[in-house]
Structure formats: C-alpha cells, structure tokens
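*Asks:* What follows is the residue order along each chain.
Protein chains: 2
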Amino acid sequence: MTATTEATSRNGVDVATLFATLDAVSTQKEIASFQFRASNTWVNGTHSRTTFDGFYGAMQELEHQHVTEVESDHPAVLVGQDEAPSPVEYVLHAIAACLTAGIANVAAARGVQLTKVSSTVEGDIDLLGILGLSDGSVRNGYQQIKVTFHIEGDADDATLRGLVDQSRRRSAVYDVLTQPTPVEIEVVTG
Amino acid sequence: MTATTEATSRNGVDVATLFATLDAVSTQKEIASFQFRASNTWVNGTHSRTTFDGFYGAMQELEHQHVTEVESDHPAVLVGQDEAPSPVEYVLHAIAACLTAGIANVAAARGVQLTKVSSTVEGDIDLLGILGLSDGSVRNGYQQIKVTFHIEGDADDATLRGLVDQSRRRSAVYDVLTQPTPVEIEVVTG
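Keeping their order, the protein sequence lines are chains F and W.
Mapping to this note's numbering: the first sequence position 72 is 72, numbers consecutive.
Add 190 to a position in the second sequence, counting from 1, and you land on the number used in this note's numbering.
In short, the hints are calculated from the structure, not lab data.
Hints may be right or wrong, so weigh each one.
What the hints assert, rightly or not - For each label pair, taking beta carbons as the anchor points, the in silico distance ranges come out as:
no., chain 1, residue 1, chain 2, residue 2, range
1, W, Thr349, F, Ala76, 56 to 64 Å
2, W, Glu374, F, Thr8, 46 to 54 Å
3, W, Gln303, F, Gln144, 32 to 40 Å
4, W, Thr349, F, Tyr56, 31 to 39 Å
Heads up, the beta-carbon is just placed ideally off N, CA and C, and yes, glycines get one too.
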C-alpha cells in the first residue's frame with residue numbers, strides 16, 4: 001500500500017488522479033463547467049465577512065470539506081478599523097496561491113520533486129484613483145503587481161523556471177488579473 | 191463625548207476622518223502611494239498559506255493591527271485536498287468586500303444610515319482552460335462574475351442603488367478585474 005501511494009503521489013499531488021481527471025474531462029467536457037461562490041455580509045464601517053461553503057462543478061452541487069470565513073477591512077490610514085486585510089490584499093493572496101498550486105501540479109506531472117516554493121507579492125496602487133482625487137489618469141486598481149518566487153527542487157534552474165512559466169500559462173487568477181473579466185452587479189433593495 | 195462620536199460616525203465610518211483624509215491627500219498627493227504585500231508558502235500539493243503583515247502607505251512602512259493568515263487549496267474534484275477555499279474563490283471575496291466597504295463609505299458621506307448590506311458572488315469558469323484541454327477558445331479565468339447585493343437603509347430605492355453605483359465607480363478590485371493589470375513574475379531558484 002505504501003509503495004503504491006509513493007509511486008502515484010509527488011509533491012502531495014496524486015499524479016494518477018491528475019491524469020485520470022484530465023482523461024475524464026477530455027471525454028466529457030461538461031465536467032469542467034464550474035461555478036464558485038462567496039457570500040459576504042457587512043459588519044460595520046469598511047469591515048465585512050465572507051463565507052465560502054458550496055460550489056458547482058463536475059456536474060453536481062458540491063460542498064467544501066469545511067466552511068471557511070474570511071474578513072476584510074480598510075487599514076486605519078484608509079478610514080477603517082484594520083480588523084482584517086483589505087480587499088485588494090486578498091487579490092495578492094489569490095495570485096500567489098493559484099500560481100503555487102499550478103507549480104506543484106506541473107512539477108508532479110513532470111517528475112520534479114519540489115522542496116520549497118515561497119513567494120512574495122507586491123501590488124502598487126495610487127489611492128488618488130479610489131479617493132476620486134485624480135483627473136481620471138490614475139486607475140482605481142493596482143498599477144502593477146509583482147510576484148517573486150523562490151523555488152527549490154531536484155531539477156536544474158531552467159526546469160524549475162519552466163514550472164513557473166507553465167503554471168502562469170494555465171493560471172486562472174493570472175488570467176483574471178491580466179485580461180478583462182466581465183463583472184455584473186445586481187441590486188435588490190428594501 | 192457620546193454625542194460627538196454619534197455626530198461624526200455613521201455606518202461605523204468616521205465621516206470627519208474620511209473628509210480629513212481626502213483633504214490631506216488633496217494637499218499632499220504622495221500620501222496616496224501605497225504598496226500592499228502578501229507572503230505565500232507552499233504547504234503540500236495544491237495547498238499554500240499566505241501571511242499579510244505590513245504594507246507601505248501614507249509615506250511610511252505600516253503594520254497591520256494583527257497578522258492574518260489565509261490558506262488555499264484545490265477542491266477534491268480538482269486533485270486537491272480541499273483544506274481551504276481555492277484561489278479563485280478569494281477573488282470573489284475581494285470584489286464583494288471592496289464594493290461593500292465602498293458602499294458604507296459612500297453612504298456615510300451622503301448621510302444614509304445603512305441597516306443591511308449583504309451580497310452573493312458567483313463566478314463561472316470553464317476548467318477546460320486551466321486543464322489545457324481547450325483549443326484556445328476557453329480562457330483560464332472566470333468567464334463572468336455576478337455580484338448580487340441586498341441593501342437596506344433609511345433612503346429610497348434610487349438612493350440605495352446610487353450608493354452601489356458610486357462604490358463600483360471607485361472600487362479598486364472592480365477595476366483590477368475589469369481592466370487589465372500588469373503582473374510581473376520573477377523567479378529565484380536554488
């Protein structure tokens with residue numbers, strides 16, 4: 001049993017399941033239609049709380065193994081109470097976590113054993129945009145985001161860099177940030 | 191003391207501080223240059239952990255009131271262990287939290303007392319993109335994101351809708367999602 005597990009798992013990724021998933025989706029493409037969801041409730045001031053519980057995927061309603069709650073607030077210098085990271089900081093988490101998951105998957109598929117993957121993300125933003133103090137030349141969002149990876153494993157420099165590159169090419173969050181994504185907002189009052 | 195607090199605070203937003211901040215930034219625009227940061231560490235498989243501690247803003251290095259850690263993983267149907275919400279789900283949190291903070295601020299500035307703001311966010315994604323099983327016509331990221339707000343307060347329907355609209359116009363995360371954001375990736379190996 002142990003030998004079998006070791007043979008199919010690398011970097012904590014079950015390689016057999018990874019390829020079986022790709023095969024299954026190739027055969028039945030409806031499996032790949034997902035809808036992720038989040039429910040947010042205003043707490044007070046700029047402080048709110050989001051719950052993640054269920055999502056749709058693989059042709060069925062699914063529940064996470066456990067419900068997760070996260071909170072956001074503005075920092076004190078932005079008229080918040082700093083009860084939690086600001087919304088824009090979660091975007092930095094999302095890009096780092098997405099690329100890192102991809103690196104582990106690609107490494108597993110390519111037979112590379114990783115020993116370390118860490119990253120720092122920096123997002124530069126000029127708040128003249130969101131404060132409405134710009135003449136329109138300053139955007140509301142990040143002007144640029146920089147991700148710096150430190151990666152180690154049993155492969156040469158070019159192979160390790162290749163993992164990051166392939167992860168970027170297949171990253172959902174990288175695409176969401178670098179290409180326009182339609183966002184529709186509906187409002188129900190009263 | 192209580193009377194003063196009540197007079198300057200609405201929806202948990204200190205209105206005097208809000209306007210003072212706008213005045214200060216108008217006078218010295220360097221205050222508005224911020225850099226937010228996140229540090230991510232790979233745990234195992236598609237599971238990673240992000241720490242938020244410090245950021246730069248208002249012309250100084252700043253620390254959050256407390257350090258926050260969040261985790262991401264892929265769901266089991268995506269070859270993960272489902273230890274935490276997926277990276278793309280945090281994007282849904284970010285847009286909800288950003289718009290909600292803005293709604294509270296705009297309401298405070300406009301003299302509207304809110305009694306409830308909640309939202310659900312749905313992000314549709316076809317995983318043929320990230321799985322590399324598309325002919326290139328399916329994007330990696332969300333095809334669309336829909337945010338549905340339920341909002342109540344001491345104002346009429348049009349005024350409440352106007353709060354959401356103004357928040358959208360000044361939202362950092364809405365801009366990051368709907369307009370392309372440059373993402374640079376640097377890799378250090380070994």
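*Asks:* Please go over all the hints and tell whether each is borne out by the structure.
*Replies:* So, going through the hints one by one against the coordinates:
{"no.": "1", "hint": "W:Thr349 x F:Ala76: 56 to 64 Å", "in the structure": "29 Å, violated"}
{"no.": "2", "hint": "W:Glu374 x F:Thr8: 46 to 54 Å", "in the structure": "36 Å, violated"}
{"no.": "3", "hint": "W:Gln303 x F:Gln144: 32 to 40 Å", "in the structure": "38 Å, holds"}
{"no.": "4", "hint": "W:Thr349 x F:Tyr56: 31 to 39 Å", "in the structure": "35 Å, holds"}
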